[in-house]
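Undergrad: The listed protein sequences derive, respectively, from chains H and S. In this text, residue positions in the first sequence follow the numbering used here: the first is 1, and each later residue adds one. In this text, residue positions in the second sequence follow the numbering used here: the first is 1, and each later residue adds one.
Worth flagging that the hints you see were computed from the coordinates, not collected in a lab. Do not rely on the hints blindly, as some may be mistaken.
One copy or any two copies: either way a pair holds, since identical chains are not told apart in the list.
[As the list claims (entries may be wrong)] Below, simulated DSS-like cross-link-like pairs (lysine-lysine); rule was C-alpha separation at most 30 Å, straight line: (1) K226 - K7; (2) K526 - K393; (3) K492 - K27; (4) K737 - K420; (5) K535 - K521; (6) K492 - K25; (7) K226 - K27; (8) K256 - K27; (9) K521 - K256; (10) K492 - K21; (11) K535 - K406; (12) K256 - K25; (13) K419 - K731.
Number of protein chains: 2
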Amino acid sequence: MPRRQFKFVGQNVLRVDGVEKVTGKAKFTGDLVIPGMLYGKILRSPYPHARIVGIDSSAAEALPGVAAVLTAADIGGINPYYNGRPVVAINKVRYAGEPVAAVAAEDQETAEEGLSLITVNYEELPAAVGLDAALGEGAPLIHENLSDNICSHEHVEKGDIEQGFAESDEIFEDISTFPMVYHYAMEPHSVIADFNDEGITVWSSAQHPFQVRGDLARIFGLHPTKVRMVIPFLGGGFGSKSYTKFEPLVVALARKARRPVRICNSVTESMLTVRRHGARVRLKTGVKRDGTLMAREAEIYLDTGGYADNGPAVTIRAATRVLGPYRIPHIRSDAYGVYTNSGSAGSFRAIGAPQTIFASESQMDTIASRLGIDPAELRLKNFLKKGEELRPKLRGMDADLASNLKRLVSASQWKRRSKKKGAAMGLACGATNAGGTPISVAMVRLQPDGSLIVFAGSTEMGQGVRTVLSQIIADELSLPLEAIHIGGADTKVTPYDASTGSSRSTTLMGTAVLRAARDLKNQLLKIGAEAFHAKPSQIRLVDGTLICGEMRLTFREALQRRFGGSGGELIGNGDVGPEITGTLPVIWEIGMGTAELDVDEETGVVTIKRYVSVADVGKAIHPEGCVGQEEGAAMMGIGHTMFEQMVYEGGQLVNSNLVDYRVPGFKDVPREFHTVLVENKDGPGPYGARGMGEGGLVSVAPAITNALARGYGIRVKDLPLTPERVWRALKERAKRK
Amino acid sequence: MPRRQFKFVGQNVLRVDGVEKVTGKAKFTGDLVIPGMLYGKILRSPYPHARIVGIDSSAAEALPGVAAVLTAADIGGINPYYNGRPVVAINKVRYAGEPVAAVAAEDQETAEEGLSLITVNYEELPAAVGLDAALGEGAPLIHENLSDNICSHEHVEKGDIEQGFAESDEIFEDISTFPMVYHYAMEPHSVIADFNDEGITVWSSAQHPFQVRGDLARIFGLHPTKVRMVIPFLGGGFGSKSYTKFEPLVVALARKARRPVRICNSVTESMLTVRRHGARVRLKTGVKRDGTLMAREAEIYLDTGGYADNGPAVTIRAATRVLGPYRIPHIRSDAYGVYTNSGSAGSFRAIGAPQTIFASESQMDTIASRLGIDPAELRLKNFLKKGEELRPKLRGMDADLASNLKRLVSASQWKRRSKKKGAAMGLACGATNAGGTPISVAMVRLQPDGSLIVFAGSTEMGQGVRTVLSQIIADELSLPLEAIHIGGADTKVTPYDASTGSSRSTTLMGTAVLRAARDLKNQLLKIGAEAFHAKPSQIRLVDGTLICGEMRLTFREALQRRFGGSGGELIGNGDVGPEITGTLPVIWEIGMGTAELDVDEETGVVTIKRYVSVADVGKAIHPEGCVGQEEGAAMMGIGHTMFEQMVYEGGQLVNSNLVDYRVPGFKDVPREFHTVLVENKDGPGPYGARGMGEGGLVSVAPAITNALARGYGIRVKDLPLTPERVWRALKERAKRK
């Protein structure tokens, strides 16, 4: 097959939303002013666990400028639960920060004053903050209808674990912990809701508009088509805006106020709204003396907070993602989501992966070290081959792992640099079953002026999805990018898309728009064939024109030819379903990295001198975009490895600001920072693309702790690597010597 | 071909919007409350013709509660003209009632008070009200850039008119007049507009949302996709809500106020906004002694008012519609639209037809009487045969005229009843080149719950289009009507549709939705074929289920099978363009009628005892709906024949209310009132349907005046048939005797 020539795909075209964003014209939910809009604020529980004895909102209701006060008393007529949580606290609260009431007023100040006039009578209950407290003997029950605090449990089994350990020459067992961390998207969660006789309209910073639509329809008893979600730009998501957050509360408040209501979270409020699961992972692995993995047993506890949110899915993923991309004949893995009296955890870039891959890739290095095998060699020896199954009921590995690791080894100069005396260089490999649910539908509509409107439900949250989809369409239809108009989802207009997350959009929505473009192309070719008295196969599309020999017909003219006037439009549809891969996952997402460190042994401060990241992108639609995603993911990994942790004291989150909650800054960027894109064209997406953007995150923590172990002889199993923690480990090492 | 069995098509199913309407839940534009909405009122010129010397709006602007005042000073940055008129009067006014300024305020009363505070300094000019004044020697120029008051001119020529008259045995020449009349839809024109950074949103009682979108985009310099038209139910249209009315003014006012603004007309204001063209028609026809038509010369003057609106199109149609459905070898027809100092005329149910068909069908009876030929026989003799051309560049006659007239003759018992002694029975035949512009695009979207959302831009204004489209879709997809959801146009969502008018929707949008349904059906069959391991041709669709032998798959299950989850949707598209007929018109619309009268010779009061109407519908999708349309059209015809006329005195419309402007009431319904639907299945629409709903209007006036002539020996050539006019004619007849 001749190699296809692309004009846009594979090129670093300007972002289609770039001008809008750099000129400040791009609208985020918080920028919108809906006529007649009220300003809302949420009254939050001061207690981590308490019974609500009574609420008196009469003084707030009487305050001039207050339009409505919402409490549990107002949600009698609806189905108030979603993702395990109520629209507003009913009878009790399960974390400090839980919404107990909300006020809608003419302005923000009045809403806040209104909050101060609400009296809530609480009866405090013993709280269980953190895994130990929630799992301990006699722990308070957070959900009274359960017999313990286990929210969800996933069990994975393959082979015979006892036999596996029996056949092993060496057995390794480690316990590691991973902190609760926050996504810290620049834009906190923002929602505007309107509820009138026509139904519900919600403008929201939601990654998954159609899932929120489904929840709202169920909660308020409406047909989904009566719920309209409009999604402007998002100022970052990273999973924090996945699934339904407090949209139902804002809708309920708007329903009561009979006017649109806007609630924009503060950073503190967003940190209480969602976070990554803190985790404790016990990992036991048996190996042959030659390094062959024989058996792995994992026990994972995930701190899911007061309500389930997406915790059950995180639990399911964690139980598999702990296995690494390795051939292990005997497996037993158990993951538990645990209710605790803290803000709920949910999706966060590569759900359940950083916690478990930190555990498993750390242990891989311990094994390599004990067996005297080069860490890269140990991994190469055990990698799944293409097509090989990690465990039953999952699609076999679809990437060439060895080629990725070889690229990492060569780009990082692993063989030379890791062997240098005093080198603190570590390596780690991640593979995650990603791609989410393969349901995406797209529509492209060619207008009489030759412009093309794209209806694709993917949310633009900085990842560049509008640019990538536009590139695919531009090449398929040979249209200039300027002719392509692509906006955010509006569920009244935009066809169904399962979600924007799990690295799925390029692969799945990319395929849907590609198919929609080809559907439209066929219609244009048919018009051309009639005009030219030719076969469709004799016609080419070049820059918005149909060409056949010397004959030419612009798309505009083709529309005029079809409809005979200045109106009309051609509509192309495309969809993608499970047929794209048959079984899940849609993709195996591959990310590998090496880290080189310097440690100030007097202070314990770790400096990352050099980080090399490898992303298997299949085919890079927008190479710079891919590099940006990979670097961003690695920086986020550096955050949770080095600095970040949400600190609860006495049931209260005490560091919910940028001073006390430390995210990486520019000075934390590794002095050398390289990204390698592997393009084996073996992904299921357009032109062989596969999802990326999460893979760069997962190898960072183990690559860094492995470097610490190799360079400084310390094995830190708890994150983040605070100077104190590193300093103490160095002291322990000194004592051992 | 076996006869197709329908379950919904051809049945009198309940209207799909029936429950909504009888329970009062159906929303019309005036029912909508947009959050933050202001109330607007228009200041109108008191003079029919004047120069505007100055406007002082400062007092209005200073009135508390007034948000904005719009005058010509505010429209500098836009392209202020559309359909020949300005957004708001610029420098001069051309009719009493022309918008000169507008106020938006917090409530209606304040807006009205604001109007009273605006001072406009006029310099009155001589006015030309009515055709005689505007066409007379030295008439004041209404548009100074023209050399006379002719707005538009259409000339139709065929053969050699002089030769035609020379070869004729008898020549007939008559002058008839037709009054200015008003549509009197129950809902006056209503518009709500919002203008913000995202663009324009307009909720409007507009029949042609896409044409208004185009005008607004041009006026305000935006891409059409930035203009969103949302069309609720209309409380009647009849052409009065065709094309752009005062939407631009409301948008300009909202732009200035930076808030949504609503303007709902009073009845008086709507009567000043649009009406039917008053007309004077001179008709000269030459015939052979045996009744063969040889030549026709027509000179038509149409009173188009101060601005063109849709007058040029009315003029074009009038020049052809005066020819009747007859074979005439020699033709010369000239129609002129004439500017006058009165409110603009525009589209009205069967544009240019009632005025001209009244002239021509009256004269046909005069010819029949003079030649001693039965009026039905004379028409049968001269009817165009199927396929025969009326004039060059028009598609040949597509209906079987003779079969229609034979049905009328038999249903009305013409042969027996018209010959009875003292019988006052008259007959007339109309054929209009109708169907508008053949561009319609539709989309149907099957949802995971098995419901189907229809996106079709036709406006529901009482004519039942949503029901008819639903019936077509229900039969094509074998879905229950309850599963089909069809709303009004929202140009952000709904694909392009040229218009709702000219009897086009069943034929054109019906074809588009039929094609969309079949596109969707093919997708379902493909899913079924895979599921059943069968060929698509082996599968039937029955009640939302795919059936193949014993195997069954509901549409819901088919979607689950396609997408493997609870999401996804299937989208079917359909469009129609000029290919539907090749050349215009899309349809020939046929309406014929007989009237039987009683006249009180002492008072001149005419009573219609019996009216029989024949409509050629091709195929009746909803027979009761067709009968309702036909009866409604006939009643409207009775209105302009018997009572209706807009009276201008001193340049002022003086009878703009239901007391002084007399529309037919229930007591005016003919004592016997029959409608016959002819279903020759020869229309270009679905299942052989052809457009209807206008045809019932055109024969009424000549059938009644022909009955007067036959029964009472008076030939009234001027409408309406006021008792005084009839009484005077009876007196004249007595004098002649």
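Undergrad: Run every hint past the structure and note whether it holds.
TA: Evaluated hints:
{"no.": "1", "hint": "K226 - K7", "in the structure": "between (41 Å within a copy, 29 Å between copies)"}
{"no.": "2", "hint": "K526 - K393", "in the structure": "between (43 Å within a copy, 28 Å between copies)"}
{"no.": "3", "hint": "K492 - K27", "in the structure": "both (19 Å within a copy, 18 Å between copies)"}
{"no.": "4", "hint": "K737 - K420", "in the structure": "within (22 Å within a copy, 131 Å between copies)"}
{"no.": "5", "hint": "K535 - K521", "in the structure": "both (14 Å within a copy, 27 Å between copies)"}
{"no.": "6", "hint": "K492 - K25", "in the structure": "both (24 Å within a copy, 21 Å between copies)"}
{"no.": "7", "hint": "K226 - K27", "in the structure": "both (24 Å within a copy, 15 Å between copies)"}
{"no.": "8", "hint": "K256 - K27", "in the structure": "both (27 Å within a copy, 22 Å between copies)"}
{"no.": "9", "hint": "K521 - K256", "in the structure": "neither (49 Å within a copy, 43 Å between copies)"}
{"no.": "10", "hint": "K492 - K21", "in the structure": "both (25 Å within a copy, 23 Å between copies)"}
{"no.": "11", "hint": "K535 - K406", "in the structure": "neither (48 Å within a copy, 49 Å between copies)"}
{"no.": "12", "hint": "K256 - K25", "in the structure": "between (33 Å within a copy, 21 Å between copies)"}
{"no.": "13", "hint": "K419 - K731", "in the structure": "within (25 Å within a copy, 124 Å between copies)"}
This entry does not satisfy hints 9 and 11, going by the numbered hints stated previously.
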